[in-house]
Every structure is written in C-alpha cells, then in structure tokens.
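Peer 1: As a plain string of letters, each chain reads:
There are 2 protein chains.
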Amino acid sequence: MTDPAALSRLSLNQRTTASWSLPEAVQGCLYAGLGAIGIWREQLAEVGLDQACRLVAESGLRVSSLCRGGFFTDPEQAQTAEVRNREAIEEAAALNAATLVLVAGGLPPGDKDLGAARDRAVRAIERLVPYAQELGVNLGIEPMNPIYAADRGVVSTLAQALDIAERFDAADVGVVVDTFHVWWEPGVADQLQRAGQRIVSYQICDWITPLPADTLLARGMMGDGHIDFPTFSRSVARAGYRGDVEVEIFNADLWKAPPTWVVDTMIKRYLHLVQPYLGG
Amino acid sequence: MTDPAALSRLSLNQRTTASWSLPEAVQGCLYAGLGAIGIWREQLAEVGLDQACRLVAESGLRVSSLCRGGFFTDPEQAQTAEVRNREAIEEAAALNAATLVLVAGGLPPGDKDLGAARDRAVRAIERLVPYAQELGVNLGIEPMNPIYAADRGVVSTLAQALDIAERFDAADVGVVVDTFHVWWEPGVADQLQRAGQRIVSYQICDWITPLPADTLLARGMMGDGHIDFPTFSRSVARAGYRGDVEVEIFNADLWKAPPTWVVDTMIKRYLHLVQPYLGG
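These protein sequence lines are chains A and B, in that order. What the first sequence shows, in our numbering, is residues 35 to 314, in sequence order. What the second sequence shows, in our numbering, is residues 35 to 314, in sequence order.
Excised from the complex, chain A in its bound form (with noise of 0.2 Å):
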C-alpha cells in the first residue's frame, strides 16, 4: 500500500490520458491517490470555466498548469494569439493554476528569421506580464527541445527561457521545466540553480529512441527512455523546487491502453525513480 502522502505532489497531465474529458481526469486522480492535475484549454472548454472551477474546487486538486497559452511568433496572427493568451490568464486565474504554460511558437510558414520570431515572443510576453500581473497569474516560459525549434517553439534552452524570464519579477514570470525538452541540455544542472523560484512546474516524461514518427507524440513513459530522472529530480529540488510533478505524455501507444493503467504505471514510476529525489 502506498503512503498517500508519497503522491501527494504527483500531478496528471490531462495529455497523459487523452481519451479523458476533464471530469474523468478529475476522477481519475482522486481515485488514484493524486495532489493535483495540469489542464488543457480544450477540454476546459469542453465543460465550461464555471463547471470546470466548481469540480476543480470540490475534488480539493490543485492546479498544477493550464496548457496552454502562447503561440506568440505569426505576425498575422497577432491579435488573436493576445487575445487568446488573455483569455487564458482569466482561466489560470479562476482555476487557481500554479502556472499559465506559454509555449512560444514556431517560424511562421514561409519565414527563416529564427531571432526576430524569438523576438517577437519576447514582446508578446512583454504585453501579456501587467494583465497576468493585475489577475495574479504567474506565466510560466517553456523551453521546446529544438526538435521543434521550427514548428512550435523557438525557445530552445532553459538558458534563454530565463534570459526571457529575468526581465520580469519571478512573481509574473517563471520557466517551465519539462524534462524531454532540456534534458540533453550542457549545464542544465547550473541553469535549474540559477532558475531557483522561477522554476513553476517541473513535468515529465522520458526521451525514447528510436524517436517515433510522429516527433509530437514522442514522449515516453519515464523509465522507458534515456533521461535520468534522479539525478534530474534531485538538481530541481536542490534549486529549492516544492511544487507539483505533473507527468505530460503525449504517445499515440499509451493513449489506446487504458487510462487507469497509464495513470497505475506512471504512479509506479513516479515512486521509483522521481518521489525519493524530490527532498522537501
């Protein structure tokens, strides 16, 4: 038998369980013993805000993330990318989520200007900071592996997702950190020192080889790939990290088995390779 208080900082990504509508998800957690759980905008949207705040409120789960905000590097898209993002902020603040996950966007079609689109972002979030500010939401910037460097994240490093960062109160603006992104990353262990409070969700999921084809569900279980979580999770927590783990897979495989499977084995690998490095 589990020590309940073993998973009390594990959270379920709703990616994770794909198949689940956000009050499954809810369910599925409280069955399963967890703290908290990270929720997607599109399945928020699926029951509302209100209904969404009132399950979220009675199942005593924190909210680990809203995924996700962003998108911030198409020029004619602008308008609606901040439309999008404040809309997302109001979520962030109802749900009370611990983070607003921004992810920055790739190049726009056609376009091969790698530092003005990162650029761009900066501005984005720039403008997003005072009303993210005003409603209590802190934005958390995720850096992308630079596998997708072209098509859906043109922050690449945790390096340069703090370099972001730091131009903003670590109250408004923190990383996120998801091992599949920087995991490879030199020095990563320095940057989750230098990140200390700005660190505003730790997720993750393993890098498996071969990759499979479809480079966004290539994600795997942790345990099932290369990334040393220990050692990882020990670096996070030394950076003075005590919030949430949520486990974010996206994996064409685990979506078709059953999701209270995938939610036993996730548990099982949490306890085994990430809980006892957490420290706090």
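Careful, some of the hints might be misleading.
Stated by the list, open to error - Only some residues are given here: those of chain B computed to face chain A with a beta carbon under 7 Å:
| id | residue |
| --- | --- |
| 1 | 181 |
| 2 | 191 |
| 3 | 243 |
| 4 | 245 |
| 5 | 262 |
Stated by the list, open to error - Stretch-level coverage of chain B by chain A, calculated; a stretch enters the list once three of its residues show a Cβ under 8 Å from a Cβ in chain A:
| id | region |
| --- | --- |
| 6 | 138-147 |
| 7 | 294-300 |
Note that these hints are calculated values from the structure, not bench results. Backbone N, C-alpha and C define an ideal beta-carbon position, used for all residues, glycine too.
Based on these hints, arrange chain B on the given structure of chain A.
Peer 2: Quick look at chain B alone, frame taken from chain A:
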C-alpha cells in the same frame, strides 16, 4: 554558364550521393566543377587508401573532410574506438584532409549518465591529440542536434564543442559547423565569432518539417526547409572561415534520385543561398 570560380569552395560530401563509390564521386565532382570532396571511411575502405590517395591527387580535388572518427562514449568499446580513430587520423593525414570529423557517440546501452558520457568523449579526444598533432591532422569536433543526444552525439551545442576544443591548440582541435545541428542554437552567431579559426568545416543541409520518420535521414536540401542560409553563411564568413562548404545530406528520397541530379540541385541552391554570402 556558371563562373567556375563560384564553385571553387563547394564540396560534395559522399553521403549526399550515397550510391556513388569513391571513384564515381570524384568523377562527379570533377564533372560538376566542384573544388573539393568530403570522403567517408566506408567508401574509402572499398578502394583502399593508396588507390584513394592516387585518385584524389590526380583529380586535384581538396579533401574537405574525412568522415568520421569518434564514437568515444561506450567504455566497453574504448580500446577499439582508439584503434579506429588512430587509423582514421592516418587516413586523414594521407589524404591531406582539412579535418577528421569527430562524432562523440551517444549513451551506451542502459547508461543514462550523460555527464559521464560527455567526460569520456573529452578524455578520448585528449588521448588522440598527440597522434593527430604528430601527423598534422586537425580534429574537428562536431556538435550534433539534441535529437541525437541519446543515440549518436552527446556534444549538443557549438558552445559545448568550443568548450572542449579550447582545451587544445587551434592547430590541433577545431569544430565542425553543420547547419542542421546548430541552426537553432541561441546565440549561435556569437559562438561562430568565438570559434573563429577553429571552424575547420562548414557543412550545410536544411532542417525540414515534418521530420522524416527515420531521424537519421531527416536532412533536407538547402532551401527545402527552415534554415536561413544567407544569414548563417554570413556569420560563418564573418568569423573568418575561408574553407570549403560541404553539402552533407542524409535523405532517403534524395538517395533514390539520380546522383547527377542531386549534384546539379545542390549547386543551384548553393549558388542562390550560400555562395553570395561567403565573402572572402
């Protein structure tokens, strides 16, 4: 009619026309008016070193690189790797190659200690330097896109490759700059400037999306993807690089096409996207 001088710095890496033997590739380079060739050890072995040296000498082509040495990270293969790398140094010396390309190698099976693997690569390079120095061969450390960090190359950024190279004299150890591997790197223009005379090879191919299913064959013809070749090439020129520009494309579709068509296409793209920006 192309000005022959415009192609004088263009080099065909043999992997771009994988079906050609070394004699065929040499012939193809001469026919196309290229100035250099990048040779692979596997195709070199098919004709033997003496014959290859004669072929190359008669052709008048420069050897812009010998591919490749390295694969240092598996402790159980360390002795074999050292023997193979010493042979590769001898071949590079005999061919008067501008550099012997070193690929660090990935994580050994079941090993998740990325830091230790990186350290082993550095130690192995240290052991090779005296022999390379003796034979007048410049070792070129090739940082690899993080997509290969687990299974192929644990040196992941140009900054990291330079941290290693700078332990040695620039005449002995340099860096290989391949657009596919480092195009996304934050601050890459500064790192190219830092590299300066340590750039011993400039290799080009494009980052295409969606990424082909076999990530080892995921490289594209210049212009087919997201990389800004004019800007990148200007940065390489500004760093002082005046060597050959090697087209190295691993791509299953290209390998099915007639090699002369591939060479013709790469020439057109080079003249359009790269050559005008090389300075010198």
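Peer 1: Hint by hint, note whether the structure agrees.
Peer 2: Here's how the hints hold up against the structure:
{"no.": "1", "hint": "181", "verdict": "holds (5 Å)"}
{"no.": "2", "hint": "191", "verdict": "holds (6 Å)"}
{"no.": "3", "hint": "243", "verdict": "holds (5 Å)"}
{"no.": "4", "hint": "245", "verdict": "holds (5 Å)"}
{"no.": "5", "hint": "262", "verdict": "holds (4 Å)"}
{"no.": "6", "hint": "138-147", "verdict": "holds (count 3)"}
{"no.": "7", "hint": "294-300", "verdict": "violated (count 0)"}
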